[in-house]
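Trainee: Below, each chain spelled out in residue letters.
2 protein chains.
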Amino acid sequence: MTIEDETELDKNRTPSHPARPNARATLGRHPERGSYDAETIRTILDEGLVCHVGFEIAGQPYVMPTTYGRIGDHLYIHGSPVARWLHTIAEAIPICITVTLLDGLVLARSAFRHSMNYRSVVILGRARIVEQNDEKLEALRAIVEHMVDGQWCSGIRHPSDSELRATLVLRMSLSEASAKVREGAPRDLDDDLNRPVWAGELPLKLRPSAPIADSHGIELPAHVTRWCR
Amino acid sequence: MTIEDETELDKNRTPSHPARPNARATLGRHPERGSYDAETIRTILDEGLVCHVGFEIAGQPYVMPTTYGRIGDHLYIHGSPVARWLHTIAEAIPICITVTLLDGLVLARSAFRHSMNYRSVVILGRARIVEQNDEKLEALRAIVEHMVDGQWCSGIRHPSDSELRATLVLRMSLSEASAKVREGAPRDLDDDLNRPVWAGELPLKLRPSAPIADSHGIELPAHVTRWCR
Chain U
42 MTIEDETELD
52 KNRTPSHPAR
62 PNARATLGRH
72 PERGSYDAET
82 IRTILDEGLV
92 CHVGFEIAGQ
102 PYVMPTTYGR
112 IGDHLYIHGS
122 PVARWLHTIA
132 EAIPICITVT
142 LLDGLVLARS
152 AFRHSMNYRS
162 VVILGRARIV
172 EQNDEKLEAL
182 RAIVEHMVDG
192 QWCSGIRHPS
202 DSELRATLVL
212 RMSLSEASAK
222 VREGAPRDLD
232 DDLNRPVWAG
242 ELPLKLRPSA
252 PIADSHGIEL
262 PAHVTRWCR
Chain G
42 MTIEDETELD
52 KNRTPSHPAR
62 PNARATLGRH
72 PERGSYDAET
82 IRTILDEGLV
92 CHVGFEIAGQ
102 PYVMPTTYGR
112 IGDHLYIHGS
122 PVARWLHTIA
132 EAIPICITVT
142 LLDGLVLARS
152 AFRHSMNYRS
162 VVILGRARIV
172 EQNDEKLEAL
182 RAIVEHMVDG
192 QWCSGIRHPS
202 DSELRATLVL
212 RMSLSEASAK
222 VREGAPRDLD
232 DDLNRPVWAG
242 ELPLKLRPSA
252 PIADSHGIEL
262 PAHVTRWCR
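Residue numbers (the numbering used here), protein chains in the order written: chain U, 42 to 270; chain G, 42 to 270.
Isolated chain U, as found in the complex:
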């Protein structure tokens, strides 16, 4: 993900290095950065807000950003039943869902060793339609709560039957998921270490600004003011 070893994510999880959990979800270059640890994967997914869904239609790949929620070992995404892309992936075609957290910029003493600190999860598999209203409602609750913890029970109106019907919810198993993490300082060549240039990390974090109220006379609730990732 970079100039340093631009290939940190290269081949990553492509079919070239058969290993667990299966041949497709495994790590290529920089295997030391890889992980199949369920806790690592869940932590990254729970911190992210947007996932990128990859699929193909008529020979053309597409990558769509969307929000998501997690319940146990499943990721849930949702949309309108008449939306073509969601409708297409609802047919259980192979897809890939990637979540990436950018943790910082890595400034090295040579251009080639510049990098980024990041945590990412790549999930391969097929999405399944959630048919039961109970699970659908739980998934929508997970998606709202994933955005803002405490929001579901803050007094908002929960989905009506017609809203539930107007929502297509898809479930994706995490069984073929892998994580990759790059952290820490730049890794310069020994020959470059005495170069008189600042080197180090610039940590980055998604932070909230002051909330902008659309309502009048209603106090900003604590679960919004304390929002953080």
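Just so you know, the hints here were simulated from the structure itself, not pulled from any lab data. Careful, some of the hints might be misleading.
Okay, the calculated bits of chain U under chain G, using three or more residues with CB under 8 Å as the criterion [unchecked claim]: (1) 77-83; (2) 89-101; (3) 131-138; (4) 187-201.
In silico contact screen, one side only, chain G against chain U (beta carbon under 7 Å); selected entries [claimed, not checked]: (5) Ala79; (6) Leu90; (7) Val104; (8) Ala131; (9) Pro135; (10) Cys137; (11) Thr139; (12) Phe153; (13) Val185; (14) Asp233; (15) Val238; (16) Leu245; (17) Asp255.
For glycine and all other residues, C-beta sits at the position ideal for the given N, C-alpha and C.
Once you have looked at the hints, place chain G on chain U.
Mentor: The following block gives chain G in isolation, referenced to the frame of chain U:
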């Protein structure tokens, strides 16, 4: 991208709505959020730091995060020539590159109308290998400068011939790019407007924390301290 109109990005840019610049790169649902304006597209690309590259290998889509740079109407990505995924897309297969900026959370009075404010660009096309060393160097400069403005001429060592040979640089035209933007307040149903619940936006922004030096006795340069997006 949401509960509100979960389908903001639905069908988006899939082949269902023939229009300019061509049938595949056009907008589906929420066309009012779409744009083919070159300036909008460039602004989004210049603010983003990570792109997600979608491609297919043996019937399985993959979505890989990577860094990038822009020169004029081309996006540049790079990696190792032995990296399988980059090697694969270097063969000019159809790919999709998506850049998403998350600008905020939209908290509505009903779960269904929750949303996110975002700006995204989707680029369809085929990547071409940059063969000439001059363009390759310019691309690497663009990638480093895209990360941190002012970094290329900060005293870092520029790529050697062997480093250039060890880097595969790909160029992607922006000719099939489209942007989509959602901004502003929640759009609640009239019936929900009197509900006693806080509604509004929680703006989000990627912000730097204090830089962590890896070098000693070298002053933190101004172009790093003033970094912002």
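Trainee: Each hint needs a verdict: does it hold in this structure or not?
Mentor: Going through the hints against the structure:
no.	hint	verdict
1	77-83	violated (count 0)
2	89-101	holds (count 11)
3	131-138	holds (count 4)
4	187-201	holds (count 11)
5	Ala79	21 Å, violated
6	Leu90	6 Å, holds
7	Val104	4 Å, holds
8	Ala131	11 Å, violated
9	Pro135	5 Å, holds
10	Cys137	5 Å, holds
11	Thr139	4 Å, holds
12	Phe153	5 Å, holds
13	Val185	5 Å, holds
14	Asp233	6 Å, holds
15	Val238	4 Å, holds
16	Leu245	5 Å, holds
17	Asp255	4 Å, holds
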